[in-house]
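As given, the protein sequences belong to chains A and B, one line each in that order.
Residue numbers for the first sequence follow numbering that gives the first Met the number 0, so the first one is 0 and each next one is one higher.
Residue numbers for the second sequence follow numbering that gives the first Met the number 0, so the first one is 0 and each next one is one higher.
If you are wondering where the hints come from, they were derived from the structure by calculation, not from laboratory data.
For clarity, every value in this text was computed on a predicted model and none was experimentally measured.
Incorrect hints may appear among the rest.
What the hints assert, rightly or not - Anything over 12 Å on all C-beta distances counts as not near chain B; from chain A, calculated:
(1) 77
(2) 79
(3) 104
Claimed, not checked - A short, non-exhaustive set of chain A residues, derived as facing chain B with CB atoms under 8 Å:
(4) 367
(5) 369
(6) 376
(7) 379
(8) 616
(9) 663
(10) 664
(11) 703
(12) 705
(13) 709
(14) 713
(15) 715
(16) 722
(17) 724
(18) 725
(19) 728
C-beta: ideal position from N, C-alpha, C; glycine also.
Listed below, chain by chain, are the residues.
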Amino acid sequence: MDELEAIKVTFFQECEELLADLEGGLLAMQDGNDDGDTVNAVFRAVHSIKGGAGAFGLEPLVRFAHVFETLLDALRSNEIPGTPDLTALLLRASDVLADHVSAARGLGVVDMDVSAAMAAELKIATDPNAAPAPVAAAPVEAAPQYVDAAPIVIGADEGLDDDDLGFDFQPMTITLDAQAADAAVLDGNVWTVSIRPKSDLYRKANETALLLRELSRLGPIQATLDDSALPTLEFIDPEAAYVTWSVRVETDQGEDAIREVFEFVDGDCELEITRGEAPVAEVLANLLDVTAPASAPAAIEAPVEPPVLAAAPVTELAAPAPAPAPAPVAANAPTAAPAAPAAKPAQIDVPGPGQSVIRVDPERIDRLIDLVGELVINQAMLAQRVGEYGIAPSSNLAMGLDELEQLTREIQDSVMAIRAQPVKSVFQRMPRLVREVANMTGKQARLVMDGENTEVDKTVIERLADPITHMLRNAIDHGLESPEERKAAGKNPEGVVRLAALHRSGRIVIEVQDDGKGINRERVHSIAVKKGLISPDLTLTDEEIDNLIFLPGFSTADKISDVSGRGVGMDVVKRSVQALGGRISITSRPGLGSTFTLSLPLTLAVLDGMVVDVAGETLVIPLACIVESLRPKAEEIRPLGPSGHVLAVRDSFVPLIDVGLTLNYRDRSPAATEGVVLLVEGEDGSRAALVADAIHGQRQVVIKSLEQNYQQVEGVAAATILGDGRVALILDVDAVINLRRRGPPPPSDPTLIAAE
Amino acid sequence: MTEPTPTSSTETRELISFRVGEQEYCVDIMAVREIRGWSPATTLPQSPAYMRGVINLRGAVLPIMDLAARIGMPTTEPNVRSVFIVVQAGDRTVGLLVDAVSDILSITDDMCQPTPDIACENVRHFVRGIISIEGRMISEISLDRLLPEREALAA
Numbered sequence: 000m001d002e003l004e005a006i007k008v009t010f011f012q013e014c015e016e017l018l019a020d021l022e023g024g025l026l027a028m029q030d031g032n033d034d035g036d037t038v039n040a041v042f043r044a045v046h047s048i049k050g051g052a053g054a055f056g057l058e059p060l061v062r063f064a065h066v067f068e069t070l071l072d073a074l075r076s077n078e079i080p081g082t083p084d085l086t087a088l089l090l091r092a093s094d095v096l097a098d099h100v101s102a103a104r105g106l107g108v109v110d111m112d113v114s115a116a117m118a119a120e121l122k123i124a125t126d127p128n129a130a131p132a133p134v135a136a137a138p139v140e141a142a143p144q145y146v147d148a149a150p151i152v153i154g155a156d157e158g159l160d161d162d163d164l165g166f167d168f169q170p171m172t173i174t175l176d177a178q179a180a181d182a183a184v185l186d187g188n189v190w191t192v193s194i195r196p197k198s199d200l201y202r203k204a205n206e207t208a209l210l211l212r213e214l215s216r217l218g219p220i221q222a223t224l225d226d227s228a229l230p231t232l233e234f235i236d237p238e239a240a241y242v243t244w245s246v247r248v249e250t251d252q253g254e255d256a257i258r259e260v261f262e263f264v265d266g267d268c269e270l271e272i273t274r275g276e277a278p279v280a281e282v283l284a285n286l287l288d289v290t291a292p293a294s295a296p297a298a299i300e301a302p303v304e305p306p307v308l309a310a311a312p313v314t315e316l317a318a319p320a321p322a323p324a325p326a327p328v329a330a331n332a333p334t335a336a337p338a339a340p341a342a343k344p345a346q347i348d349v350p351g352p353g354q355s356v357i358r359v360d361p362e363r364i365d366r367l368i369d370l371v372g373e374l375v376i377n378q379a380m381l382a383q384r385v386g387e388y389g390i391a392p393s394s395n396l397a398m399g400l401d402e403l404e405q406l407t408r409e410i411q412d413s414v415m416a417i418r419a420q421p422v423k424s425v426f427q428r429m430p431r432l433v434r435e436v437a438n439m440t441g442k443q444a445r446l447v448m449d450g451e452n453t454e455v456d457k458t459v460i461e462r463l464a465d466p467i468t469h470m471l472r473n474a475i476d477h478g479l480e481s482p483e484e485r486k487a488a489g490k491n492p493e494g495v496v497r498l499a500a501l502h503r504s505g506r507i508v509i510e511v512q513d514d515g516k517g518i519n520r521e522r523v524h525s526i527a528v529k530k531g532l533i534s535p536d537l538t539l540t541d542e543e544i545d546n547l548i549f550l551p552g553f554s555t556a557d558k559i560s561d562v563s564g565r566g567v568g569m570d571v572v573k574r575s576v577q578a579l580g581g582r583i584s585i586t587s588r589p590g591l592g593s594t595f596t597l598s599l600p601l602t603l604a605v606l607d608g609m610v611v612d613v614a615g616e617t618l619v620i621p622l623a624c625i626v627e628s629l630r631p632k633a634e635e636i637r638p639l640g641p642s643g644h645v646l647a648v649r650d651s652f653v654p655l656i657d658v659g660l661t662l663n664y665r666d667r668s669p670a671a672t673e674g675v676v677l678l679v680e681g682e683d684g685s686r687a688a689l690v691a692d693a694i695h696g697q698r699q700v701v702i703k704s705l706e707q708n709y710q711q712v713e714g715v716a717a718a719t720i721l722g723d724g725r726v727a728l729i730l731d732v733d734a735v736i737n738l739r740r741r742g743p744p745p746p747s748d749p750t751l752i753a754a755e
Numbered sequence: 000m001t002e003p004t005p006t007s008s009t010e011t012r013e014l015i016s017f018r019v020g021e022q023e024y025c026v027d028i029m030a031v032r033e034i035r036g037w038s039p040a041t042t043l044p045q046s047p048a049y050m051r052g053v054i055n056l057r058g059a060v061l062p063i064m065d066l067a068a069r070i071g072m073p074t075t076e077p078n079v080r081s082v083f084i085v086v087q088a089g090d091r092t093v094g095l096l097v098d099a100v101s102d103i104l105s106i107t108d109d110m111c112q113p114t115p116d117i118a119c120e121n122v123r124h125f126v127r128g129i130i131s132i133e134g135r136m137i138s139e140i141s142l143d144r145l146l147p148e149r150e151a152l153a154a
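Work the whole structure out from these sequences, hints included.
Quick look at the structure:
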């Protein structure tokens, strides 16, 4: 069972990729890129999900996927035209399909009403005349018990419902839809195709009936089944394939077209394509000579006499193959024109089986990253020791060490690259979100995404989803106007929300931009005053007003909507972003829209820091916070109040903070002129001048958690291990500034709050 | 791996005993990961006095706790003979600074007496029981209670 579970897990992983491909393809179609390849990729994605789901007996998923697939099939064979409405329908259907997959996985439930309604919509779209399938479905149970060639007609839609493992060995004859008979024009282009499926074909959830149906698109076919290789029940392997088909195809297309039909089962069946009216029996004999298993006694007499009926409806003599999923033939011959573009080999987005991708447990990679971190530390230790022994830099040993250092760095970069992932995995969830939010708020929104392939460390990716979700919701709910308002303002009723990711100076920047009305500064200001967040007589710049929306408890929505506007939105985003060492800002232009910009470090595993000495301890200050470092002159330091000092930096005054004092390393601070001052900027933009005793230099350090074995320590963000093997603490600059602020009574100056 | 709950009184357990000041204490051997010689620790700011700081244990940041100070005795002055015992307490690994490791004891639970009801709150809190062996009195430390609860600092 474990094995099965493992396969199932893989299936769901694949499902996720397939759903992403599906959505990607549909979005491409929405953008007008609806060539055959895209439609085929979309079809294949749904088909693969259905196939896998069938193997695991996930009934509701299979049923829905089947209806979906039928529509896509019709679309790809140009039976129905692709329209923007249809694409929108398909997109919504893909959402329902994703719900089904989640439900099958045990995550959440599917609203069956929604699913049924969607299925009905899909069916109507498949057949615009809303007429039932041309020939009503005859129950398959009516299959003849014996070998007489009683024709049965089954409708296309019902094929799957009887997917049972009944050992139905009775050969039966199925007559395909009579429409196809009209096309039975003999033009001399006759091919004989022998198909001998191997067990693997069924194991991969393929089906001969679909192959035959595909063949019938090329022209009228006559299919004959040979089941003479079928052993008696006691010798039968229920999962093996024993039967052989011989198909006579009349088509004006070449051998390539026929081969293309079998593209997906390449290697899983023995295929023989010969031109001309090869006597069926002869072909069969050939095949059997080579492949008939010696141990298989031909017990069940096969209807060796093929019913060759001149000018008869296309006939297919079928026996359900004794395979795991011997779905009774679901055959639906399309109308005469065999114009269906058969599946093309070009695989655009769907990862084919040939593309080798290794799935690795993330824990293993984390372990590897830890080990490489150790290696880096060890290498630094070695270098330091060698330095201590005074070995000449030109000696072999020192040169070897240099090489080691370079290698170590390369290994570290490569290992980090393993964990780097494109932000696509987060972005691809967003189109659905935008659709849903737009629906809920009655707005028209189109999401444009940019830079999906921007790579960032996995640890960061996982934490990107929430802020982005919030920002997008906010952009649609608060940013975009209703279609009427937009029309009145002379804009396209459909608003555009742009989500972009890019690398900028060693950080990843996420931008969410809308072309809505922009921030109503007057209202924001009055609300902030009303809620007592700022004092009424304060004059704020436009930028400061814009940033008011990040204040806790701020909400501008007139009424609280389901989507956003509980007043917990933007300040939560801001805090979670800051917790990651990131920043968020907003720019807005009235009438033109607003842009949220989020900037985050590329990884949470390593950090560039400045190593400093404070009261005999070694500390690391994140480089991202440091604006500049300087040696203060005595006249630049001014006392302020009973104990405080400020530093005059050009024209502004910055509070001077002695790190050693703040962290209780010492009781009284030495004169700041003896130390080094690091001008830092907190996440909220506030500045401070940190006093340290000495600076050792810049270094990339591996971040180690303190919480793992101890707990969070105020003023300390994390720990790291330096070249000498000792632990150094990484300073939490914001916390240090706050600790200092808490010393004197908290500032009552409202501008400080507003600036946050 | 927490301390195994005492089962039957005849089942033997092994303990590692060590010296803290002039007293002897012990912990269950199953909780002990390793014993290491003293190396200077990096001081943690804003921490209780019994936290000596953190050291690098093969890449992991290991907090070092002064056991004497934790129990309420004067802090240990580490010397060359001082060691720290790396123990697993709950899901955390901690180093306990002690004066010296004595030996390994094999005891059954009936050798373990409840902690006498003496005034010191700390002792009652951290000592699971007292073992009398060969005229020595050895107190067994309750590891689960040594580390402070993780406090989530307000963001």
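Do the hints match the structure? See the list:
1. A cut-off of 12 Å between C-beta atoms confirms that residue 77(A) is not in contact with chain B; the least separation is 57 Å.
2. No Cβ of chain B approaches the Cβ of residue 79(A) within 12 Å, the least distance being about 55 Å, so the stated non-interface status holds.
3. No beta-carbon of chain B is positioned within 12 Å of the beta-carbon of residue 104(A); the least distance is around 29 Å.
4. A distance limit of 8 Å between C-beta atoms decides the matter here; for residue 367(A) the minimum to chain B is near 13 Å, and the interface restraint is violated.
5. For the restraint placing residue 369(A) at the interface with chain B, the shortest Cβ-Cβ distance is roughly 6 Å, inside the 8 Å limit, so the hint holds.
6. With a least beta-carbon distance of about 7 Å to chain B, the hint placing residue 376(A) at the interface is held under the 8 Å criterion.
7. Hint status for residue 379(A): violated, given a least beta-carbon distance of 12 Å to chain B, over 8 Å.
8. Taken as an interface hint, residue 616(A) checks out: its beta carbon lies about 6 Å from the nearest beta carbon of chain B, inside 8 Å.
9. For residue 663(A), the shortest C-beta to C-beta distance to chain B is roughly 5 Å, which falls under 8 Å, so the interface hint holds.
10. Among the interface hints, the one on residue 664(A) holds; its C-beta lies about 7 Å from the nearest C-beta in chain B, closer than the 8 Å criterion.
11. Interface hint status for residue 703(A): upheld, as the beta-carbon distance to the closest one in chain B is roughly 5 Å, under 8 Å.
12. For residue 705(A), the interface hint holds, since its Cβ comes within 8 Å of a Cβ in chain B; the closest pair sits about 6 Å apart.
13. Contact between residue 709(A) and chain B, as hinted, is supported at the beta carbon level, the nearest pair being about 4 Å apart and thus within 8 Å.
14. Given hint, residue 713(A) at the interface with chain B, holds; its Cβ is 5 Å from that chain's nearest Cβ, closer than 8 Å.
15. Among the interface hints, the one on residue 715(A) holds; its C-beta lies about 7 Å from the nearest C-beta in chain B, closer than the 8 Å criterion.
16. This hint is violated: residue 722(A) has a C-beta 11 Å from the nearest C-beta of chain B, more than the 8 Å allowed.
17. Hint status for residue 724(A): holds, given a least beta-carbon distance of 6 Å to chain B, under 8 Å.
18. Interface restraint check for residue 725(A): the shortest CB-CB distance to chain B comes to about 6 Å, inside 8 Å, so the restraint holds.
19. The interface hint given for residue 728(A) holds, since its Cβ lies 7 Å from the closest Cβ of chain B, which is under the 8 Å cut-off.
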